[in-house]
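Enquirer: Just so you know, the protein sequences line up as chains R and F, in that order.
Position one of the first sequence corresponds to residue 349 (the working numbering), numbered consecutively onward.
Position one of the second sequence corresponds to residue 4 (the working numbering), numbered consecutively onward.
Errors might be hidden in some of the hints.
Here are some chain F residues the structure puts well away from chain R; computed CB gaps all over 12 angstroms [said to hold, decoys possible]:
1. ALA6
2. ARG31
3. THR77
4. LEU81
5. HIS83
6. SER89
7. GLU100
8. GLU106
9. ASP108
10. ASP129
11. GLN167
12. GLY211
Calculated lysine to aspartate or glutamate pairs in the DMTMM-like style (CA-CA distance at most 20 angstroms, straight line) [stated by the list, open to error]:
13. LYS693/R to GLU42/F
14. LYS466/R to GLU196/F
15. LYS629/R to ASP404/R
16. LYS732/R to GLU191/F
17. LYS732/R to GLU139/F
18. LYS693/R to GLU65/F
19. LYS509/R to ASP556/R
20. LYS613/R to GLU191/F
21. LYS732/R to GLU125/F
22. LYS693/R to GLU63/F
23. LYS693/R to ASP66/F
24. LYS732/R to ASP71/F
25. LYS743/R to ASP129/F
26. LYS613/R to GLU196/F
27. LYS732/R to ASP129/F
28. LYS693/R to ASP71/F
29. LYS732/R to GLU42/F
30. LYS169/F to GLU428/R
31. LYS70/F to GLU748/R
32. LYS732/R to ASP69/F
33. LYS693/R to GLU61/F
34. LYS70/F to GLU739/R
35. LYS732/R to GLU196/F
36. LYS732/R to GLU63/F
37. LYS732/R to ASP66/F
38. LYS587/R to GLU196/F
39. LYS495/R to GLU626/R
40. LYS732/R to GLU65/F
Derived by calculation from the structure, the hints in this document are not laboratory data.
Here a beta-carbon is modelled for each residue, glycine too, at the ideal position from N, C-alpha and C.
Below are the chains, spelled out letter by letter.
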Amino acid sequence: MWALLILIGAASVSAHLQDLSFDGQKVFRVIPQNDEQVETLNLLASIMEVDFWQPDSVTLVRPKMQVDFRVEAEKSFEVEGLLEESGMDYHVLIDNLQAALDAQFDSKARTVSHSYEKYNNWDTIVAWTADIAAQNPDLVSRSVIGKTYEGRPMYLLKLGKSGSDKKAIFLDCGFHAREWISPAFCQWFVKEAVENYGKDTVMTTLLDKLDFYVLPVVNIDGYVYTWTNDRMWRKTRSKNAGSACRGTDPNRNFDAGWCTIGASKSPCSATYCGSAPESEKEAKALADFIRQHLSTIKAYLTIHSYSQLLLFPYSYTYNLPSNYQELNSIARAASKELASLYNTKYTYGPGAETIYPAAGGSDDWAYDQGIKYSFTFELRDTGKHGFLLPESQIKPTCEETLLAVKYIANYVLEHLY
Amino acid sequence: SPAMELPPSHFPAARAAAVAVGYLGYLRGGPARGLQLRELRRARRQDISDVGHKYYLELELEDVLDKDRTVSCTAEVLHHLGSKASAPDVQVTVQGELRSTEEADQEFYSRIRSLEKELVAENIPDSQGNVPPELEPIHLLAWVASGYVTWQNSTENTKLHLAQVKHVKQVKRSDEDLQFDYVILLHEMVSQEVLPWEVTVLWHPRRGARVSRCRALGAGN
Numbered sequence: 349m350w351a352l353l354i355l356i357g358a359a360s361v362s363a364h365l366q367d368l369s370f371d372g373q374k375v376f377r378v379i380p381q382n383d384e385q386v387e388t389l390n391l392l393a394s395i396m397e398v399d400f401w402q403p404d405s406v407t408l409v410r411p412k413m414q415v416d417f418r419v420e421a422e423k424s425f426e427v428e429g430l431l432e433e434s435g436m437d438y439h440v441l442i443d444n445l446q447a448a449l450d451a452q453f454d455s456k457a458r459t460v461s462h463s464y465e466k467y468n469n470w471d472t473i474v475a476w477t478a479d480i481a482a483q484n485p486d487l488v489s490r491s492v493i494g495k496t497y498e499g500r501p502m503y504l505l506k507l508g509k510s511g512s513d514k515k516a517i518f519l520d521c522g523f524h525a526r527e528w529i530s531p532a533f534c535q536w537f538v539k540e541a542v543e544n545y546g547k548d549t550v551m552t553t554l555l556d557k558l559d560f561y562v563l564p565v566v567n568i569d570g571y572v573y574t575w576t577n578d579r580m581w582r583k584t585r586s587k588n589a590g591s592a593c594r595g596t597d598p599n600r601n602f603d604a605g606w607c608t609i610g611a612s613k614s615p616c617s618a619t620y621c622g623s624a625p626e627s628e629k630e631a632k633a634l635a636d637f638i639r640q641h642l643s644t645i646k647a648y649l650t651i652h653s654y655s656q657l658l659l660f661p662y663s664y665t666y667n668l669p670s671n672y673q674e675l676n677s678i679a680r681a682a683s684k685e686l687a688s689l690y691n692t693k694y695t696y697g698p699g700a701e702t703i704y705p706a707a708g709g710s711d712d713w714a715y716d717q718g719i720k721y722s723f724t725f726e727l728r729d730t731g732k733h734g735f736l737l738p739e740s741q742i743k744p745t746c747e748e749t750l751l752a753v754k755y756i757a758n759y760v761l762e763h764l765y
Numbered sequence: 004s005p006a007m008e009l010p011p012s013h014f015p016a017a018r019a020a021a022v023a024v025g026y027l028g029y030l031r032g033g034p035a036r037g038l039q040l041r042e043l044r045r046a047r048r049q050d051i052s053d054v055g056h057k058y059y060l061e062l063e064l065e066d067v068l069d070k071d072r073t074v075s076c077t078a079e080v081l082h083h084l085g086s087k088a089s090a091p092d093v094q095v096t097v098q099g100e101l102r103s104t105e106e107a108d109q110e111f112y113s114r115i116r117s118l119e120k121e122l123v124a125e126n127i128p129d130s131q132g133n134v135p136p137e138l139e140p141i142h143l144l145a146w147v148a149s150g151y152v153t154w155q156n157s158t159e160n161t162k163l164h165l166a167q168v169k170h171v172k173q174v175k176r177s178d179e180d181l182q183f184d185y186v187i188l189l190h191e192m193v194s195q196e197v198l199p200w201e202v203t204v205l206w207h208p209r210r211g212a213r214v215s216r217c218r219a220l221g222a223g224n
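Please model the entire structure based on the sequences and the hints provided.
Expert: The following block contains the structure:
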C-alpha cells in the first residue's frame, strides 16, 4: 500500500487540477467506514491534488460520511486501485466530467444564471459562492461552517486582503426564509467588495484592514422551502418531537434570555424558540463559528426584512446596553447615510422598544459574547410589498444599505478594541 | 388622566398608526388609490379609566401611485378595555384634498364590466414581487379589504399588513356594484404569523368600497 502511495506521490508532484478541460476527469463517491479509511483519504489528499466536492475539505471527513471528490483523468486508475485495496465503499459518480458538463448545457433543466438584481435560488447561490471565490482568490475564500437540518452545507465567504492580526466583521443574511431581500444584500455586498477593491478608497481600506465573514443564507432549508412550497415560510425545517408542525424560529433560538419573552413554546408557532438554545443546527453552527473567532470578530451585523429599522441590543429586555449612547449615535448616523441616497426613512433604536421585545436573538447573543457593535437591519419596505419586495427594488435597497454598512464598518475600524 | 407623549419611533405608537392607516385605507382607498404611512409625526396616549387607551396621532401619508403626493392627517384610535374582542374606534381627519381618481375609477369600472369571463387571478404580487399593471387596481382593492380586516381585528398587541393576495375571483352581479371575492394573506408582525382571510369587497365608482363578508380561514400548516 505504501509503495503504491509513494509511486503516486512522485507522479503527482507536477499535477495540477486547474486545467480548463475536465476531459476524462472522474468524480468518486466514497463512504469511509472507520478512522483508518478516513486516514487513507487524508493520505490521498496529501500526495495528489484532490478536489473535494463534499465535504469542502478533507479535514471535515468523518467515518460514515458520504465523500465526493474529483481527480485528474491520469490519476483515476491509481485512485481506484487504492480505494479497492483499502476496502472502502466507493463508486464512480461521474465517469467523465467534461461530458457531464457538456450535457448540462444542452439540458433543458439548466441552472438559472446568477443575477445581483434578481432573487436567486439556493443552487444558483451555491454556484455563485464557488465562482466568486474562484474569480477573486486574493480577496475571497469559501468555507463550510456546518450543515443544515436537511444536510445542506452552510457556505461562508471570507472577504479581505490577507494579512496578520486582522480583526473581522461578521455579516449574515437569510435567517428568516421569506425575507428574500436579505440574501440578495449579502450577495450585493460581496460583489461591491470585489468590484471596488482598488478603486474605492473606503472599500479598499476596509478590506485591507479588516476581514468580513459573510454568511449569505443562514436558514438554507427554509429558503429552499420558500422556493418550492410556501413563499411565506419563516422558520427552519426541523422536525419537532411530538408535533406535526415543523421548524424553529432561528432568531429566537440563541442563548440570550432564551424564550422568556416575545417567543413561543409551541412548535406550531412562527416564533417557536426551539427545544433548547441552539437546538437548531444552523444556529449552533453560527454560534460555534463566532465563539471560535471571538477574539477577532469586533462587529456583528444581521440582515432581515421588512420595516426599515436599524436595531441594536437589547431585544430580550428593556434594559439598555452599557454603550447605548454610542450604539444610538452609530445607528443615527448610519440611518442618515442610508437615507442620503433615495430618501428611504429608517427608524432606529434598541430592539425591545422599537419593534417588540423578543428573546433569543442572535444580535443580543453576539453582544453578550462581547461583540460590542451588534446591529439588526430590517430592510425595505414598510408594508406595501412586505416580504414580496419587487426585484426592481433590489438594486436601490442594496445600494442604500451598503452605505449604512460601510459607515458602521468604518466606525468599527476607527474604534477597534 | 391626561394624554402623555409617545416616542413615534417606539412600537406602541407605530401599532396605533397602522390601525389608523388601515381604517383610512378602507374608507378612502380604491382601485386607483392606496395610502401608506410616510411618517408618524406625533403620538400621544391617554388612559381613560373604565374605557380603554386612546391614541392621538399626527400622520403624513403618501399616495402609493404617486409617491410625491403626501397628505397630512390626524387620527384617534381607541382600544377598548376588556378581553372581549371588539374593534377599536377610529376617527381620521384628512387635511386637504386627496387626488381625484374619477377617471381611473371609471376606466377600471368599464373594463371589468365589459369582461366576458369573470376575472380570476392569484398570487399578487408573485414571489418576485411583481404585479402585472392590469392587476394593480385589483391589488389596491385588496388593500382596501385588508384595511378593513386590520381595523376590525387590531389590538395594542398586533400590527397587521397585507402580505399577498392569494386568490381573487370576480363575481358578476345584477346590480351596479363590482364584487371581488378575495383570499388575502395578512402578516401579523408581533406573532409573525401569516393568516389567510376570505373577504368579499363590493365597489362602485361613486359609492366607493365596502366589505360585505369577512372571515378568518384556518391556518394551514
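Enquirer: Decide, hint by hint, whether the structure agrees.
Expert: Going down the list of hints, with the structure as the test:
{"no.": "1", "hint": "ALA6", "result": "holds (19 angstroms)"}
{"no.": "2", "hint": "ARG31", "result": "holds (16 angstroms)"}
{"no.": "3", "hint": "THR77", "result": "holds (20 angstroms)"}
{"no.": "4", "hint": "LEU81", "result": "holds (22 angstroms)"}
{"no.": "5", "hint": "HIS83", "result": "holds (22 angstroms)"}
{"no.": "6", "hint": "SER89", "result": "holds (23 angstroms)"}
{"no.": "7", "hint": "GLU100", "result": "holds (22 angstroms)"}
{"no.": "8", "hint": "GLU106", "result": "holds (23 angstroms)"}
{"no.": "9", "hint": "ASP108", "result": "holds (20 angstroms)"}
{"no.": "10", "hint": "ASP129", "result": "violated (8 angstroms)"}
{"no.": "11", "hint": "GLN167", "result": "violated (6 angstroms)"}
{"no.": "12", "hint": "GLY211", "result": "holds (21 angstroms)"}
{"no.": "13", "hint": "LYS693/R to GLU42/F", "result": "holds (9 angstroms)"}
{"no.": "14", "hint": "LYS466/R to GLU196/F", "result": "violated (26 angstroms)"}
{"no.": "15", "hint": "LYS629/R to ASP404/R", "result": "holds (18 angstroms)"}
{"no.": "16", "hint": "LYS732/R to GLU191/F", "result": "holds (14 angstroms)"}
{"no.": "17", "hint": "LYS732/R to GLU139/F", "result": "holds (12 angstroms)"}
{"no.": "18", "hint": "LYS693/R to GLU65/F", "result": "holds (13 angstroms)"}
{"no.": "19", "hint": "LYS509/R to ASP556/R", "result": "holds (5 angstroms)"}
{"no.": "20", "hint": "LYS613/R to GLU191/F", "result": "holds (18 angstroms)"}
{"no.": "21", "hint": "LYS732/R to GLU125/F", "result": "holds (17 angstroms)"}
{"no.": "22", "hint": "LYS693/R to GLU63/F", "result": "holds (13 angstroms)"}
{"no.": "23", "hint": "LYS693/R to ASP66/F", "result": "holds (16 angstroms)"}
{"no.": "24", "hint": "LYS732/R to ASP71/F", "result": "holds (16 angstroms)"}
{"no.": "25", "hint": "LYS743/R to ASP129/F", "result": "holds (19 angstroms)"}
{"no.": "26", "hint": "LYS613/R to GLU196/F", "result": "holds (15 angstroms)"}
{"no.": "27", "hint": "LYS732/R to ASP129/F", "result": "holds (14 angstroms)"}
{"no.": "28", "hint": "LYS693/R to ASP71/F", "result": "holds (14 angstroms)"}
{"no.": "29", "hint": "LYS732/R to GLU42/F", "result": "holds (14 angstroms)"}
{"no.": "30", "hint": "LYS169/F to GLU428/R", "result": "violated (54 angstroms)"}
{"no.": "31", "hint": "LYS70/F to GLU748/R", "result": "holds (18 angstroms)"}
{"no.": "32", "hint": "LYS732/R to ASP69/F", "result": "holds (14 angstroms)"}
{"no.": "33", "hint": "LYS693/R to GLU61/F", "result": "holds (17 angstroms)"}
{"no.": "34", "hint": "LYS70/F to GLU739/R", "result": "holds (19 angstroms)"}
{"no.": "35", "hint": "LYS732/R to GLU196/F", "result": "holds (17 angstroms)"}
{"no.": "36", "hint": "LYS732/R to GLU63/F", "result": "holds (16 angstroms)"}
{"no.": "37", "hint": "LYS732/R to ASP66/F", "result": "holds (11 angstroms)"}
{"no.": "38", "hint": "LYS587/R to GLU196/F", "result": "holds (19 angstroms)"}
{"no.": "39", "hint": "LYS495/R to GLU626/R", "result": "holds (14 angstroms)"}
{"no.": "40", "hint": "LYS732/R to GLU65/F", "result": "holds (11 angstroms)"}
Checked against the numbered hints given earlier, this structure breaks hints 10, 11, 14 and 30; the rest are met.
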